[in-house]
Amino acid sequence: MALTGEWAREWISRSVSVIAENHVELTALDRPIGDGDHGENMNRGFAAVGPKLGDQADATPGDVFKMVAMTLISTVGGAAGPLYGTAYLKAAGAVAGRDDLDGAALVALLTAARDGIVLRGKAAVGEKTMIDAWTPAVDAAALAQAAGRSELEILRAAATAAEAGAIATEPLIARKGRASYLGERAIGHRDPGAQSTALLIRAAADAAAA
Amino acid sequence: MKKLINDPQHVVNEAIAGVATAHADILSVSYDPNYIVRNDAPVSGKVALVSGGGSGHEPLHGGFVGFGMLDAAVPGPVFTSPTPDPILAATKAVDGGAGVLHIVKNYTGDVLNFETAAELAEADGISVRSVVINDDVAVKDSLYTAGRRGVAGTVLVEKIAGAAAQRGDDLEAVASIAEKVNAQMRSMGVALSPCIVPHAGEPSFELADDEIEIGIGIHGEPGRERIKLEPADSIVDRILGHIVEDIPFASGDRVLLFVNGMGGTPLVELYIAFRRAAEVLAEQGIEVTRTLVGNYVTSLEMQGFSITLLKLDDELTTLWDAPVHTAALRWGR
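Protein chains in written order, with my numbering: chain A, 1 to 210; chain B, 1001 to 1333.
Think of the hints as simulated: they come from the structure by calculation, not from any bench. The beta carbon of each residue, even a glycine, is placed where N, CA and C say it ideally should be. The reader is advised that the hints may include incorrect statements.
Computed spacing ranges between beta-carbons, pair by pair [said to hold, decoys possible]: (1) 100(A) with 1001(B): 51 to 57 Å; (2) 1203(B) with 50(A): 43 to 49 Å; (3) 55(A) with 1003(B): 39 to 45 Å.
Keeping only pairs whose Cα atoms sit at most 30 Å apart, straight-line, the calculated DSS-like set for lysine-lysine is [said to hold, decoys possible]: (4) 1092(B) with 66(A); (5) 1180(B) with 1311(B); (6) 1092(B) with 122(A); (7) 1180(B) with 122(A); (8) 1003(B) with 1092(B).
Stretch by stretch, here's where chain B covers chain A in the computed footprint (C-beta under 8 Å, at least three residues) [as the list claims (entries may be wrong)]: (9) 71 to 77; (10) 81 to 95; (11) 144 to 155.
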C-alpha cells in the first residue's frame, strides 16, 4: 500500500503483535547482558499503544508516530522508553503534516528516528546497541532510494539490513548501557535493543506489502 | 523463593502505601503517577530536590524525603527507572519558584528518563538542574562503558545538597554543592549472595556458597572480580584500597566513612567491617571525622555491603551536621 496514515496504523498494529509474540525472546536476550526486562517493558508499551490506534482513523503518519512516542515514553521505562519515544517523536517531526510519503520522505523519517536515538543515547555504531540495527537500516534505505527503488523495496532493504545489524552485535563488546559493565563477558550475546529494532522495521515493510 | 509479598505486581504500590501511613507526619504519596512528597511542599522560595530510580533500594529514596533533604522521591518498578511523567509530576509538585535539582544515579535508564522529564519541566517554565551521581570505583574505564555507576554515596549528596537548599542557597549553588560532594566521594561494594527481583522470581545472578563478587552494583550487576570468601578484614582491605587510591585520599584528609548494608547483612557484621575500615584509615593518617553505618542503599535481600569515603571540609561538615528530619535519617531537630 502507499505510505499513508493507513500504512502507519498498519505498521504500528503489526508492531504491537510482533512485540507481543517476541517479548519472551527479547527478555531472554536481555537477561545475560542487561537486567532481563526488555521484552516485558516493550510489550507493556506497545500493549498500551494498541487500543489508541482506533482514535487515529483520519490521522497522518506524523500524528500516529507522535501518539506512539508519547505512549512509549510514559509506559516503557528503563532506557528503551526514552530511546524509542524519541525515535518516533523525531520521525513524526520529519513527516509532519504529510500523507502519502515518497521514498525521500521515508528515508528522512528513518534518518530522523535514528538521529534522535543517537542524540538521546549518545551511542555510536559498534557499541552493541540498537544503533547497530538502525544505522545499517538507514544506510540501506538511502542507497535503495538513490537507486530509484519503490517505497516497499526501500523498506525491505532497511529491514534486511536491520536484521543483519542485530545479528552482527553478537561478537561485540558493549560500550553503552548496562551490558558495558560486563566487558568481554558480553561477547556472544545479541543486543536486545538491536533485535527489537529489527522486528519493528520488518513490521514497517510487511505493512507496506499488505 | 520466599518473600513477604502478596502479588509481585503490587509490590511497589503496597510498599509506598505503607510508607505513606507510617510516616504521615513527614510525607504523603500520590498514585498514578507515583511519587512521594514532603507534606509542606512546595516550600516557597526554596530550591526543591527530587530524586528517584528503581524500587528495591529502600530506604533510598522515599526514606530521605523530608526537612533538610529531598522534597520528592519517584519510585519506579523494582530495579527499573521511573518514566518521565511521574518525575515531571513530582517536579511540578515541589517547585517553590526557586527551581528544582534532580539527583540521578548514573544508570542509562535513570539518566534518559530524568533528562526527558527535565526537558518537559523546562518547557513548562520550571528551572531544572541535574546532577548525575557516579561514585562507584568498581567500574574501571569510563570511556568504554556507560560510566561509573551511582551507588551508596547518593545518600550523602541528598543530605548535603538538601541542607544547602534548606539554608536558602539558590539553584546554581545547590547544584554546585551536589557536584562537589559527588566529585569528592568514592564507593565500592561486595556481594555475598544474590538478590531476587519479585516479578522475576529467580536470583539475578549466581554465586557459589564460597564465592563473593567484588565491586557489585546495586542491582547485582557484576563487578571487578569473583573470589573465594575471605575474612571480613581482608575483604575490607581489598575494597578500601581501591577507594583510597582512586581520588586519591591522603594523609591529613578529613573524611566521612559510610559503611552501607545491602539489605541482607546484619548490623553486627557491618560494624565489624566499619571497625576494620576505621583502623586502616587511621594507619594511613586519614582522619574519620563523621560516620554513618546501616542499611541505607539496599539491593533487596542481597547479603553484602559497600564502603563510601567522602572528603570533608568545613562547609560540607556544617551541611552534614545541619538538622534533618526524614523517615530514615533524622537529627538536630
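How the hints compare with the structure:
no.	hint	in the structure
1	100(A) with 1001(B): 51 to 57 Å	54 Å, holds
2	1203(B) with 50(A): 43 to 49 Å	34 Å, violated
3	55(A) with 1003(B): 39 to 45 Å	40 Å, holds
4	1092(B) with 66(A)	24 Å, holds
5	1180(B) with 1311(B)	10 Å, holds
6	1092(B) with 122(A)	28 Å, holds
7	1180(B) with 122(A)	25 Å, holds
8	1003(B) with 1092(B)	35 Å, violated
9	71 to 77	holds (count 5)
10	81 to 95	holds (count 5)
11	144 to 155	violated (count 0)
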